[in-house]
Amino acid sequence: MSAAVIDGKAFAANVRGQIAEHVQRLKDENGITPGLAVILVGEDPASEVYVAAKHKQTVEVGMASFEHKLPADVPEAELFALIDQLNADPTVHGILCQFPVPDHLNERDVVARIDPAKDVDGLSVVNAGLLASGEQGLVSCTPLGCLMLLRDQLGNMSGKEAVVIGRSNLFGKPMGQLLLKENCTVTIAHSRTADLPEVSRRADILVAAVGRAEMVKGDWIKPGATVIDVGITRIPHPDKPGKTKLLGDVDYAEATQVAAAVTPVPGGVGPMTIACLLANTLTACCRAHGLTEPAGLTA
Amino acid sequence: MKHVNDDPRFLRGAPVRQQILSDVASYVAKAGRVGRLVSIMIGDTPEVAVYIRGQARAADQVGLPFDQQVWPGDITQDECKRRIQAMNDDSDVLGIILQRPVPAHINVRSLQSAIHPLKDVEGMNPASVGNIIYNDVALAPCTAAAAVELIRATGLPMEGLEVVMIGHSEIVGKPAAMMLMAEGATVTVCHHMTRSVAMHSRRADVVVVAVGKAHLVGADMIKPGAAVIDIGINQTEDGIVGDVETDAVKEIAGWVTPVPGGVGPVTVAILMRNAIVAHQRQMAAGWLD
Numbered sequence: 392m393s394a395a396v397i398d399g400k401a402f403a404a405n406v407r408g409q410i411a412e413h414v415q416r417l418k419d420e421n422g423i424t425p426g427l428a429v430i431l432v433g434e435d436p437a438s439e440v441y442v443a444a445k446h447k448q449t450v451e452v453g454m455a456s457f458e459h460k461l462p463a464d465v466p467e468a469e470l471f472a473l474i475d476q477l478n479a480d481p482t483v484h485g486i487l488c489q490f491p492v493p494d495h496l497n498e499r500d501v502v503a504r505i506d507p508a509k510d511v512d513g514l515s516v517v518n519a520g521l522l523a524s525g526e527q528g529l530v531s532c533t534p535l536g537c538l539m540l541l542r543d544q545l546g547n548m549s550g551k552e553a554v555v556i557g558r559s560n561l562f563g564k565p566m567g568q569l570l571l572k573e574n575c576t577v578t579i580a581h582s583r584t585a586d587l588p589e590v591s592r593r594a595d596i597l598v599a600a601v602g603r604a605e606m607v608k609g610d611w612i613k614p615g616a617t618v619i620d621v622g623i624t625r626i627p628h629p630d631k632p633g634k635t636k637l638l639g640d641v642d643y644a645e646a647t648q649v650a651a652a653v654t655p656v657p658g659g660v661g662p663m664t665i666a667c668l669l670a671n672t673l674t675a676c677c678r679a680h681g682l683t684e685p686a687g688l689t690a
Numbered sequence: 006m007k008h009v010n011d012d013p014r015f016l017r018g019a020p021v022r023q024q025i026l027s028d029v030a031s032y033v034a035k036a037g038r039v040g041r042l043v044s045i046m047i048g049d050t051p052e053v054a055v056y057i058r059g060q061a062r063a064a065d066q067v068g069l070p071f072d073q074q075v076w077p078g079d080i081t082q083d084e085c086k087r088r089i090q091a092m093n094d095d096s097d098v099l100g101i102i103l104q105r106p107v108p109a110h111i112n113v114r115s116l117q118s119a120i121h122p123l124k125d126v127e128g129m130n131p132a133s134v135g136n137i138i139y140n141d142v143a144l145a146p147c148t149a150a151a152a153v154e155l156i157r158a159t160g161l162p163m164e165g166l167e168v169v170m171i172g173h174s175e176i177v178g179k180p181a182a183m184m185l186m187a188e189g190a191t192v193t194v195c196h197h198m199t200r201s202v203a204m205h206s207r208r209a210d211v212v213v214v215a216v217g218k219a220h221l222v223g224a225d226m227i228k229p230g231a232a233v234i235d236i237g238i239n240q241t242e243d244g245i246v247g248d249v250e251t252d253a254v255k256e257i258a259g260w261v262t263p264v265p266g267g268v269g270p271v272t273v274a275i276l277m278r279n280a281i282v283a284h285q286r287q288m289a290a291g292w293l294d
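From first to last, the protein sequence lines are chains V and H. Note that our numbering gives residue 634 to position 243 of the first sequence, counting from 1, and the numbers run on in steps of one. Note that our numbering gives residue 84 to position 79 of the second sequence, counting from 1, and the numbers run on in steps of one.
Some hints here could point you the wrong way.
Stated by the list, open to error - One side only, chain V facing chain H, incomplete, derived with CB under 7 Å:
#1 V517
#2 S524
#3 S549
#4 V577
To be verified - Pairwise CB distance ranges, derived in the manner of DEER restraints:
#5 V:E469 / H:P70: 38 to 46 Å
#6 H:E256 / V:G546: 54 to 62 Å
#7 H:G165 / V:K631: 35 to 43 Å
#8 H:D95 / V:D475: 54 to 62 Å
#9 H:D97 / V:L637: 25 to 33 Å
#10 H:M198 / V:P491: 53 to 61 Å
#11 V:G546 / H:K35: 54 to 62 Å
#12 V:G546 / H:D83: 37 to 45 Å
#13 V:E469 / H:D141: 24 to 32 Å
#14 H:D97 / V:D475: 38 to 46 Å
#15 H:A289 / V:G633: 28 to 36 Å
Calculated directly from the structure, the hints in this document are not laboratory data. Even for Gly, the Cβ is constructed at its ideal location relative to N, Cα and C.
So that you can see chain V by itself, here it is in the shape it has in the complex:
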């Protein structure tokens, strides 16, 4: 048996296409252009690459992109003043501050400063609480992306056994909540779980997010399961000296022999993250204007 490959790159392109159509309609029918503001503090090269990618895709779907670059030693008060200004700006529907920020700034305080209705990364405690309370909020991008892939792959997930490996605030916990909302029976397993392979083998839907390369072996997977691999570990490339290679949490070669469908790394969950950021910005924009939210782009 060979598993289907879940092509996140193609799916993300499709999601961006839907967003672009919706943005065009908003412009034509309502005269509204959704806007995303990205704040970058300091000059972390990896962050600059991410921010550039976000900017490019934001513009491609027809949204307004506002970039704010601040020096690494920017005082907290100055950053907060910028966030306050963006919170109040009606042309800005989504705000995100690229992490990590320099040590003198506290990430949680920064997120807390952003209006929850514009917190398109879905990281604030208020949005986490709204999700857990089953209320309307903004859902963080990576779990939302996984949910979209799963919906596309499986349709109705009701009654399925779902196991999420990893209990992080940013991924494992919101992912568990989203799967509960789909009426899955959800287990969140983690480093302290007594028998991780045994728990994993129960899963019809297995989501791995721990950041340990190829930890999930073929015999951890129930035959016919759908496997979503969120982990990313960069290792020196085995064949090309000086180059690197990305590995997921799942032993991909083994998993494809057992599972029904698997996301590859790279090209699986990764491309969904920015697509979901844009989806959240569109959703936030529609809510801000009291318009119908786009279907299929939120939890």
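Fit chain H to the known structure of chain V by using the hints.
Chain H in isolation, oriented as in the chain V frame:
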């Protein structure tokens, strides 16, 4: 139910409650004036009265002033919000308890959100729920926290503990799952769409049931030696019972909480503990001298 007091298989709430209340009382005695707890009942809802009496009694026991307010049944949402906001700004108000149910024209969720998180002793504001997701579990919804305290009282180590939660309500199941996970337990949440609840509950070291259906959990669903926490309260012909077939389960389980007398008494004690956590946080935020 006979012999609840002397059968060691019953995990009784009373000793846990006493311990918490006595810790709170010594904190209050040391702190001096800590402000008052305000209980808001909107309209005349007699079924709430018994809960309010229980809260008032616990408050009295720990030395916290308890202000029982009854607001008119035809009060507007805006007026409720205005009054709550005034309490948020009043340094003599330590915490706010919004009794439920409320009249149909009142949006209870929006009022719960209006209570400042530092005065949210019931842990219902979305920001309070979010804090629990983010492992800041000190101000948790009372029933969920009570379930966790009772599990702790068994002495079972939380790390690696297999917990199966039956029922995924916003006020009990989900926050309790998050709190137990934060302590290292592996938590599975089951509900009405779960294919086989018994398959899960039979492998669990701890089963927490919060569904509200009498006789839901029988002895055949429990692993020998497990701890069973029964949060259900059901009015039946035989009086008040939980979700668990207590007499049968007691023969298999290592511990089972009785209903009444298990989770309930601890819940009110947690409310008092939340009040002093609120006090500590208000001090840390510079609200109080």
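Would you pick out the hints that fail for this structure and give their numbers low to high? 6, 8, 9, 10, 14 and 15
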